[in-house]
Amino acid sequence: MSRFSPYDNNGGSCVAIAGADYCVIASDTRMSTGYNILTRDHSKIYKLADKCILASSGFQADMKALQKLLAARHLIYQHQHNKQMSCPAMGQLLSNTLYYKRFFPYYTFNVLGGLDNEGKGCVYTYDAVGSYERVGYSAQGSGSVLIMPFLDNQLKSPSPLLLPAQDAVTPLSQSEAIDLVKTCFASATERDIHTGDNLEIVVLNAGGVHREFMPLRRD
Amino acid sequence: MQRGRSDVEELAEDESGEELLLSSDRSRQAHITSSSSAEASLRLAFAKFQSTVSAHSPMESNQAKPSLLASESDSQRTLSPYVTGTSVVALKYKDGILMAADMGGSYGSTLRYKSMSRMTPVGKHSLLGASGEISDFQEICKYLDELILHDSMWDDGNSLGPKEVHNYLTRVMYNRRNKFDPFWNSLVLGGVKKGEKYLGMVSMIGLSFVDDHVATGFGNHLARPILRDEWREDLSFEDGVKLLEKCMRVLLYRDRSAVNKLQIAKITEEGVTISQPYSLKTFWGFTAFNNPTAGAEGS
Numbered sequence: 000m001s002r003f004s005p006y007d008n009n010g011g012s013c014v015a016i017a018g019a020d021y022c023v024i025a026s027d028t029r030m031s032t033g034y035n036i037l038t039r040d041h042s043k044i045y046k047l048a049d050k051c052i053l054a055s056s057g058f059q060a061d062m063k064a065l066q067k068l069l070a071a072r073h074l075i076y077q078h079q080h081n082k083q084m085s086c087p088a089m090g091q092l093l094s095n096t097l098y099y100k101r102f103f104p105y106y107t108f109n110v111l112g113g114l115d116n117e118g119k120g121c122v123y124t125y126d127a128v129g130s131y132e133r134v135g136y137s138a139q140g141s142g143s144v145l146i147m148p149f150l151d152n153q154l155k156s157p158s159p160l161l162l163p164a165q166d167a168v169t170p171l172s173q174s175e176a177i178d179l180v181k182t183c184f185a186s187a188t189e190r191d192i193h194t195g196d197n198l199e200i201v202v203l204n205a206g207g208v209h210r211e212f213m214p215l216r217r218d
Numbered sequence: 000m001q002r003g004r005s006d007v008e009e010l011a012e013d014e015s016g017e018e019l020l021l022s023s024d025r026s027r028q029a030h031i032t033s034s035s036s037a038e039a040s041l042r043l044a045f046a047k048f049q050s051t052v053s054a055h056s057p058m059e060s061n062q063a064k065p066s067l068l069a070s071e072s073d074s075q076r077t078l079s080p081y082v083t084g085t086s087v088v089a090l091k092y093k094d095g096i097l098m099a100a101d102m103g104g105s106y107g108s109t110l111r112y113k114s115m116s117r118m119t120p121v122g123k124h125s126l127l128g129a130s131g132e133i134s135d136f137q138e139i140c141k142y143l144d145e146l147i148l149h150d151s152m153w154d155d156g157n158s159l160g161p162k163e164v165h166n167y168l169t170r171v172m173y174n175r176r177n178k179f180d181p182f183w184n185s186l187v188l189g190g191v192k193k194g195e196k197y198l199g200m201v202s203m204i205g206l207s208f209v210d211d212h213v214a215t216g217f218g219n220h221l222a223r224p225i226l227r228d229e230w231r232e233d234l235s236f237e238d239g240v241k242l243l244e245k246c247m248r249v250l251l252y253r254d255r256s257a258v259n260k261l262q263i264a265k266i267t268e269e270g271v272t273i274s275q276p277y278s279l280k281t282f283w284g285f286t287a288f289n290n291p292t293a294g295a296e297g298s
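These protein sequence lines map, in sequence, to chains A and B. To convert, note that position 70 of the first sequence is 69 in numbering that gives the first Met the number 0; the numbers rise steadily by one, no gaps. To convert, note that position 31 of the second sequence is 30 in numbering that gives the first Met the number 0; the numbers rise steadily by one, no gaps.
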């Protein structure tokens, strides 16, 4: 007999890379359940503030609830402070929001990309219950196990154990970072059945937000 | 309490002292070893009496607290569906949305109801189709009637479109899954408003999306591959119906809970039309259908 389960994993991968003056956030547009593809064109990227973009994978209904909640909290913030929330502030808010539901978690795996108060690229990476870390680049979701080691190999970030703390941003130029993201997804799509169809790339820099798409394997 | 008393009576008669495990509390009795001495059997009987009393007292006092671990027998939640409808298939076509669903209502594997209409108009611009628990669908229809009524009472010339109704349904379904009390349905919502076609789906855990064609349940396995091959943006009404019938025929052949009595609903800018029930022409002479158990063990 079928028992009720409140969770599902709808797959998908998310990547974010921070540079000196830009941030690249990308994710595929496939939504699947088990071996089924539900739709090939579902965005997992959500713009929370002018300089703050969230990419999440996991359970789509929880993703949607989380996005709605953060958007509502951000609206209140704007009314109170008459400004957009900064990316580090949104990073902390997301962590708190996830931990608030520690014992009935949002089954979502998030990366938050944006520009910090100095205009430098920043990436925050999370687990489902809110522990988070500022990093130079990160991957989350079903293809993260394939993408993350590749990024480690290509980007060689300074050890977080070094003192004084080294800057985590990657040395790549913006176009190099976009190419790297495309390569990551092209590779992950080969081996991860939950990643594919289309790649949505959002680039954030001083000039604003720019979006582009790249087709991926559809099988 | 009836069962509790009979257990005790049974124990009183049980003089042998042989260990007799009650399903109500095995762990409590695990440490009591069987013995033929009168004292031991008395102790055993007492332990069993205690366990029966503790197992039944919450029922007796009628104050079972609703917790996530509440026993399934006294639950007020849908733990599994009872009367269910099978797949709904829908697609966008040139002028709007076409949707198809058969009229079977299954009670497990029994075909209990044969004239279940599983598609209904919602407001002026939307059409809802449902698979899964029929009673939950009918409850959802009551919610929607109220929603549409309260919206129309504004009398501001504004009315809820398919996008709004889909969003409402998504929130209702997600809210109920958060209470661990789900509506056991997959819902398909189609509509047209201001020239814009809309087709979306919601599952019982609040999962939702839009697409050019959707199908629930078995339809996801059997109908969507056909739709992906043959669906086009500018499908005419006739071709759309033909495509839906092709999907429904495949489902009829391979989904055991599908029945050969279906309705096709259409929604355009002009409104909703739901067809009279009709059946599809079938051909059961395919070689794959002849002696289907040939080669199977025991045939």
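Derived by calculation from the structure, the hints in this document are not laboratory data. Just to be clear, a hint being listed does not mean it is correct.
[Said to hold, decoys possible] In silico SDA-like pairs for lysine to any residue, Cα to Cα no more than 25 Å straight-line:
1) A:67 x B:245
2) B:245 x A:174
3) A:100 x B:177
4) B:178 x A:95
5) A:82 x B:245
6) B:178 x A:212
Structure-based check of each hint:
1. A:67 x B:245: Cα-Cα ~39 Å, so violated.
2. B:245 x A:174: Roughly 48 Å between the alpha carbons, so the hint for residue 245 of chain B and residue 174 of chain A is violated.
3. A:100 x B:177: holds (12 Å)
4. B:178 x A:95: With a Cα-Cα distance of about 22 Å, the restraint between residue 178 of chain B and residue 95 of chain A holds, given a limit of 25 Å.
5. A:82 x B:245: With a Cα-Cα distance of about 56 Å, the restraint between residue 82 of chain A and residue 245 of chain B is violated, given a limit of 25 Å.
6. B:178 x A:212: Not satisfied, since the Cα-Cα distance of roughly 38 Å exceeds 25 Å.
Hints 1, 2, 5, 6 from the earlier list are contradicted by this structure; the remaining hints agree with it.
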